[in-house]
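Chain by chain, the residues:
Protein chains: 2
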Amino acid sequence: MPHTLRGNVVIGQSGGPTAVINQSLVGVIEALRGKPGIEKILGCVHGVSGIVKEHYVELQGLAQAKLERIAVTPSSALGSSRDKPDAEYCKRIFASFEKQNVRYFFYIGGNDSSDACRIVNETAREHRYELRAFHVPKTIDNDLQHNDHTPGFGSAARFVACAFMGDNLDNLALPGVKINVIMGRHAGFLTAASMLGRRSEADGPHLVYVPEVVFHADKFLADVDAVYKKWGRCLIAVSEGVHDEHRRPMAAKLAEMSGAPVERDSHGNVQLSGSGVLGDFLADLIKKQLKIKRVRADTFGYLQRSFAGCVSESDAREARESAHEAGRLAVSGEHDGSVAIQRVSDAPYKVAYKRIELADVAAKTRHLDPSFIVNGNNIADSFKTYALPLVGKLPEIDTLIEK
Amino acid sequence: MPHTLRGNVVIGQSGGPTAVINQSLVGVIEALRGKPGIEKILGCVHGVSGIVKEHYVELQGLAQAKLERIAVTPSSALGSSRDKPDAEYCKRIFASFEKQNVRYFFYIGGNDSSDACRIVNETAREHRYELRAFHVPKTIDNDLQHNDHTPGFGSAARFVACAFMGDNLDNLALPGVKINVIMGRHAGFLTAASMLGRRSEADGPHLVYVPEVVFHADKFLADVDAVYKKWGRCLIAVSEGVHDEHRRPMAAKLAEMSGAPVERDSHGNVQLSGSGVLGDFLADLIKKQLKIKRVRADTFGYLQRSFAGCVSESDAREARESAHEAGRLAVSGEHDGSVAIQRVSDAPYKVAYKRIELADVAAKTRHLDPSFIVNGNNIADSFKTYALPLVGKLPEIDTLIEK
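Which chain is which? The protein sequence lines are H and Z, in order.
The numbers in the working numbering rise by one with no breaks, and the one at position 291 of the first sequence is 676.
The numbers in the working numbering rise by one with no breaks, and the one at position 129 of the second sequence is 514.
Since the hints were made in silico from the structure, they are not lab data.
Each hint should be verified, as a subset may be incorrect.
Note that identical chains are pooled: a pair holds if it fits in a single copy or bridges any two copies.
Here are the computed lysine-lysine pairs in the PhoX-like style, where the Cα-Cα straight-line distance is at most 25 angstroms [unchecked claim]: (1) Lys-484 x Lys-676; (2) Lys-438 x Lys-614; (3) Lys-604 x Lys-615; (4) Lys-778 x Lys-484; (5) Lys-672 x Lys-638; (6) Lys-438 x Lys-615; (7) Lys-778 x Lys-438; (8) Lys-739 x Lys-749; (9) Lys-778 x Lys-451; (10) Lys-469 x Lys-678.
Please read all numbers here as calculations on a predicted model, not as lab measurements.
Next up, chain H with everything else stripped away, as it sits in the complex (with noise of 0.2 angstroms):
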């Protein structure tokens, strides 16, 4: 019988927002509410900023109904963070969790925000204070090591493949070139899920580039003007990621050479979204060099995170079920830790949560299997039993034209 840990618990949400992150936050309360020891259980507003501002809500008295309605709602319902705790910065949040009296900590976040979990917890460590921290997974880029997969990736691949899907069609019905740049800085798994409706060769999108393959606009141009010349028209998704051989972004080149500001957030990523420049860019080129006349760009931006609508069940069941794990694990006596979803079986489709260290998921980044990109510039239809448990049924639809 472990011994019981008597105090409050802060749990936060960091970095960019998905449909299912408040599936997290509300399946950690569920695993804590009432159990031997919890007594307060804090949001912490706006991530680990909260926790230094001692800006908390109480969570513990939250009526089921209402904790359902929080559940269901896309975005990070305690506000968000993209700030990277340092030493000094540990030592405030470890100020303020001594002075509330805080022993358990979630942080429900991606490979940065285990890394803040981690830091934390070393410090906490170091001035031998007892505290439980464990890290919730939650990624559209799916690209955390250890993981099958990530909670956040089945709702937003299921964006990205409706989208392709009536895009697809839409294309067909007006034919041209339609280029559409998709979230995912060093991870092609969210671009990869521009596939996942295609029923045949003829259907979109015809080309994918994803940032595990070094991006040729030579080649990128070749290969639009022998699809458009085979089908009369191209669909192409494109990672806001792609890089030339010096692993620098495209769209970062290109902000530069525009004269907009480079943007760098505290982790010294350059921002990549919320801008056009990239598909904009990649348009014009085919305009000019392959004198095609109707040719377009979407970036679809900030609404593959939290669209409202537009959830996976299974993601959000696993999204709630990882995050009831990492209460347990916490209310059993563990001390710290990471819960993986790991694929026990494709068919039927079987998960198991594990408990990881921090550091095996802290700021590593997982790639998309070698085997799923074929030529440089496409998706292989094996990635599909892969994704497509993750994203769960797609519309139906049916066509009267085929070219």
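Following the hints, put chain Z in place on chain H, whose structure we already have.
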């Protein structure tokens, strides 16, 4: 008892696709199939261009299950066209109709499409060729005269409303200025729909710019500054059609300034969609002039009209019913016309379908009622009474922080 006109039917789809344009296609087929005089039911591929190329698909033999799958599929199942037939083009259409003994013509589209329908109809009359020519309404722009609203608008408006509900929460979680550019060249209905999920004054969009109001960059900056000072964030909806006092669209001006070729369609309209230039320019303006760091812009683009799985039930029903009405008019002996949706009552929401003259809807634009526009930069709550029945029940959301 009207005389029975024996012959074949041609149905076409024109202009920008919508989520429910195939409901209209299926509606026409259902209304005509098996009726006296009706022989083959042909779909012309890619609108009027399919007529002159004699590119038809036979529709009368399709199983109901296939029709139902087509009906729920977004984008034009027969393909679309932006061709605007002139006198010469109409002679070729007429020659194709004569050759194929086409006596019934249904053209599903917006105001440009109803004009095409009108010209074809007049050409037939000049040749004393008996033709029944009907326009079936469709446009996400919602800008057809004598219509309370148009099929396609409700679903596109639902997409915009859901996107803003999520993006408002995203902007609340990670505060800054966020600009979203919405489709709509002359009419602001779709941009106005951005406010349908707003629960209070604190919710975004905090500013809404429609083409019915002349756009001034200085006024825009002052508006953003005031909102940002009040709420610490600012979510903005901008129509792609916003223009200066000379009615020159900002997007076209900016594209020209950037050196990109400015594209016009066969109706003389400058191409506005399929580029992020307007949003990026406004974001840059705010960064430079107001010194706000986190400024993002997304352009919703083609997702608004073809996203698979975001459909308003009333929109789908009315698209089908208005097509039923067009078919019923044709077989009951009416020679031509367009079907207008008119509102009978708000509570309960109830509409009627009314035959109007082709000339009454052709090439004319309806605008947002001035009473819906507040201060030139927002939309009144009364717009909800008008538009909510058209988009259907929005997702339920709840929050833990308000500011």
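Right, here's what the structure says about each hint:
1. Proximity of Lys-484 to Lys-676 under the C-alpha cut-off of 25 angstroms is found in neither arrangement, the shortest distances being 67 angstroms within a copy and 37 angstroms between copies.
2. Proximity of Lys-438 and Lys-614 under a CA criterion of 25 angstroms is satisfied inter-copy only: 21 angstroms between copies versus 59 angstroms inside one chain copy.
3. Proximity of Lys-604 and Lys-615 under a CA criterion of 25 angstroms is satisfied intra-copy only: 17 angstroms inside one chain copy versus 49 angstroms between copies.
4. In this assembly of identical chains, the alpha carbons of Lys-778 and Lys-484 never lie at most 25 angstroms apart, being 48 angstroms within a copy and 45 angstroms across copies at closest.
5. When the C-alpha separation of Lys-672 and Lys-638 is checked against a cutoff of 25 angstroms, the pair qualifies both within a copy, at 20 angstroms, and between copies, at 19 angstroms.
6. In the homo-oligomer, the alpha carbons of Lys-438 and Lys-615 lie at most 25 angstroms apart only across protomers (21 angstroms), although the nearest pairing inside one protomer, at 60 angstroms, exceeds that limit.
7. Neither within a single protomer nor between protomers do Lys-778 and Lys-438 lie at most 25 angstroms apart by alpha-carbon distance, with minima of 43 angstroms and 38 angstroms respectively.
8. Taking the shortest Cα distances, Lys-739 and Lys-749 sit within 25 angstroms of each other inside one copy (18 angstroms), while across copies they are farther apart (63 angstroms).
9. In the homo-oligomer, the alpha carbons of Lys-778 and Lys-451 lie at most 25 angstroms apart only across protomers (19 angstroms), although the nearest pairing inside one protomer, at 28 angstroms, exceeds that limit.
10. Taking the shortest Cα distances, Lys-469 and Lys-678 sit within 25 angstroms of each other only across copies (18 angstroms), while inside one copy they are farther apart (46 angstroms).
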